Amino acid sequence: MVQIRVAAMAVAASVMIAGAARADQAPDPAWQTVLDEAKGETVYFDAWGGSQNINDYIDWVGDEVSKRFGVTLKHVKLDDTAAAVSTVVAEKAAGKNDGGSIDLIWINGENFAAMQEQGLLAKGFATDLANWRYVDTKNPSVTVDFTLPTKGQESPWGGAKLVFFSDTARSGPVDAMPKSADELLAWAKAHPGRFSYPAPPDFIGSSFLKQVLIEKVADPAVLQKPVDEASFETVTKPLWDWLDAIQPVLWRSGRDHPQNYPAMKQLLADGELDIIFAFNPAEASSGIAAGELPDTVRSFVFSTGTLGNTHFVAIPYNSSAKAAAKVVANFLISPEAQLRKEDPRYWGDPTVLAMDTLPQEDRDAFAEIDRGIATLPPSKLGPVLAEPHPSWMNRIEEEWKKRYGG
Amino acid sequence: MSADVSSRSSRAAVAFAVPLFLALPVGVGLIGVVLPAFGYLPALGGDAFSLKPFRHLFAQPGLAASALLSHASGLVTTAISTLGVALFLAAFHGTAVERIARRALAPLLAVPHAAAAFGLAFLIAPSGLIFRLLAAPFDLDRPPDLLIIGDPFGLAMMAGLIAKEMPFLLLVAFAALPQADPRRRMQLAASLGYGRMAGFLHTVWPGVYRQIRLPVLAVAAYASGVVDVALILGPSLPAPLAVRLVSWMNDPDLSLRFMASAGALLQLAITGLVLLLWFVGERLVGRIRRSVGAGGWRLSGDGALRAASCIPVALSGGAIFFGLFWLLLWSVAGFWAFPAILPPSVSLQTWGRALESAGGPLATTFLVAILSASAALVLVVVLLEARRRQFRASAARAVRLSSVMAGLIYLPLIVPQIAFIFGLQVTILALGLTPSLLLLSAVHLVFVAPYVALALADPWFAVDPRYDQVAASLGHGSLKTLFRIRLPILTHAVLTALAIGFATSVGQYLPTVLIGAGRLPTITTEAVALASGGNRRVIGAYALLQTLLPFLAFTLSGTLPRLLSGRRLAMKRR
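Residue numbers (the working numbering), protein chains in the order written: chain X, 1 to 406; chain W, 1 to 574.
The set of hints was computed from the structure by calculation and includes no laboratory data. Do not rely on the hints blindly, as some may be mistaken.
Unchecked claim - Computed footprint of chain X on chain W, listed as stretches where at least three residues anywhere in the stretch have a Cβ under 8 Å from a Cβ of chain X:
hint : stretch
1    : 35-43
2    : 417-427
3    : 509-521
4    : 530-537
Just so it is clear, the structure is predicted and the values come from calculations on it, not from any experiment. Ideal placement from N, C-alpha and C gives every residue a C-beta, glycine not left out.
Same shape as in the complex, but just chain X (with noise of 0.2 Å):
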């Protein structure tokens, strides 16, 4: 009995160790009482499921914070984050106000938007986890999500930047692939029923007319502030005059839209798309990988910017295991977690932490990542444009739909 104890006590002396000597200093107090707490809890991270590579790096985060913390994660897989929102809808109606069953929420935009708003969110934990010092909070979006202020309310796990893919084989070199919506159009009308994109409501859509919107409207300020209807319809003409030019020449004439970001995948590897485009630096390379996308790929950007966001996690206010959804959450902005996820070979999705604040080695180690061949390097992504207000996306969603949804 003693052994056993004078064991465990030396094996956690020297994790303590360990992680002391990378963080050149002990636990904070306040944080080794959520350590305390969170030893033993069950999290139930409801996450999309729909990548192979991102289910194996939630199960690589899982048998390190069992390993590490004491903690074991249980990854939903979501074919929709809007399942997780209406399970915490469901509990709230139910007067389940603890006890609920989702702790973890992989999040952001509308729907973080939606659940702060109808208080269906722990209060603000992600400025006291102990990795923040890490977090490059000099990138608004870290902290400001979709125009709203996170209020600490999730925790950063990844970055997003709208990348344009198309395969050089068909298409020839990215150097002459359309570099703004007006030679997009252009391009599109020289070659139709090559170009796409995936009816609103779906993201990677409506970030599409995001993007074209910020481009073409006449004062990009006025995105930042909630929708004036009185002003909506002068604001908006010049997307709307944009998408009735390009709409006879688009694939399927316009009569169809892909599914998803997926969907045009698949329609790029049959040769139906020339170009087409995701929220995610290194799909191309990842398709690639995953045998999806012929390797002729390659990426390119807008050369005046395209859409950024953060992706978060966030705790929902009736979670029964507030303290280990922290230790997750903080493990996730932990360099380590972060380099991994940045890694093409694991996932390919761009960190949240800022180099500056790193170890030389970690530094380095993030440097020495092979992105793939066609990932473009973080300084050639270009200009990030911000997210509009999400009042936007919601107004844009339902006239898009008056106009081509029926």
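Dock chain W against chain X, hints included.
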């Protein structure tokens, strides 16, 4: 005498208690939709009743087209499937073709709707097998820009539904045929100079149809509210109502849930209207048949028509078989570009990863399916036996479930799942129940029991009551008679019902995700989550994995009776 009356009334109570028990969750769930449909859902700030959700609903662009699509899909799918079955039986009853169809189509019951739809999509899409075969003669280096999948009239979607439903109805009809007394009737018709098909349609088909009527109605209800097949093959601008309902329910804008609830009620009305029109159609067809019969048109030379009558069934069976094969090919393919007919490189990587993580979900799927199917079987046997004993033995041939009972049992098949599952979820949470295998099995039971009843009711009532009388006269009690006589006679029907129930449970997605709170992943929830990633290799592997368990169940239900009845030689003919 009074004892007899009281035991008969207690049987009546049992015969009603079971359907009530099964319909209760639907009713509770519906309340959970009716309230928000009229603006009441305090959790989302709806504190007062209003008609706003309906106004919002009817202002949606393309709503009429969506409603019409759902409506047409229900009627057209059912009409073509039923017609195909009638023609096939009329042309081939009692022939080798019928025996081949029986053998070949039975495994198709195991194929989940979504897998069949993916298979069909892989065949007919512009990048699919058909156009790959046409690529060389027509010199195509890219798939043509044709709107085949997702055409605005929903033809691809209806084709997918028909391909799956026609074999289903045909197999149900095979089971019902013997009780329609086909041989004597056909002989009589032939002796009056009727051609084979005309003879069958006039004399045998009405009896068969009466028995398969409930499955036919279930198909109509299903096809008018289908989500997965519509997502894969159906139009998107606008989509059928059920698909839009799901997207409203899933919208980040939570206020849309009020409108979604109103939409669920509209969906219910559409399904109701489909059934109503079907009833009208039944009368009309009956009248036409009688007037044709009175006209005496005998259609004695029906050779060409007979040959053509195998086309619908052959097409739908072939589509699913080839579709599955194409899924299998994709699951092992490396990068596979148009117009290559076979994948240039093959890898088992997808299967390796799938099998690594599929063990747990497969086990959960199996446990829940076997639990819910067995429970459903017990309930249905109790119900059928109680109902049968309400009647005197002499009236046994006329025993049916009353229409109220049938309506209650089949309620979960007629009310679209999306319309009541959210309300049910709230109720279960309010009761403080936590997700567990048992809870999930109990919820599956609601959907499984109707299919078990569907499969077992007719064979149950068709067993000659004299068997029971003989047993009783030998002094055996009713329980002993049930276990020693009735169940062994019905081994095949019971196992088939069990297998159908099993397959139904395996296919449940929405209830599993919502009631299981995602904590009890099954092979179907894994398949749907992974299908959202759009990787054809993964879709192929998981669709086949999803087919595996039901396939085993159907195979066992077909072979077990033969093994079991080895000692009961006399029953081999049953």
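* Verdict on chain X covering the stretch 509-521 of chain W, criterion of 3 CB contacts below 8 Å -> holds (count 6)
* Counting residues of the stretch 530-537 of chain W whose CB is closer than 8 Å to a CB in chain X, do you get three or more? -> Check passed, 8 qualifying residues.
* Proximity test - 8 Å, beta-carbon atoms, the stretch 35-43 of chain W to chain X, at least three hits -> n = 3 at 8 Å, threshold three: holds.
* Proximity test - 8 Å, beta-carbon atoms, the stretch 417-427 of chain W to chain X, at least three hits -> Coverage by chain X holds here, the residue count being 4 at a Cβ distance below 8 Å.
The structure fails none of the hints (numbered hints given earlier).
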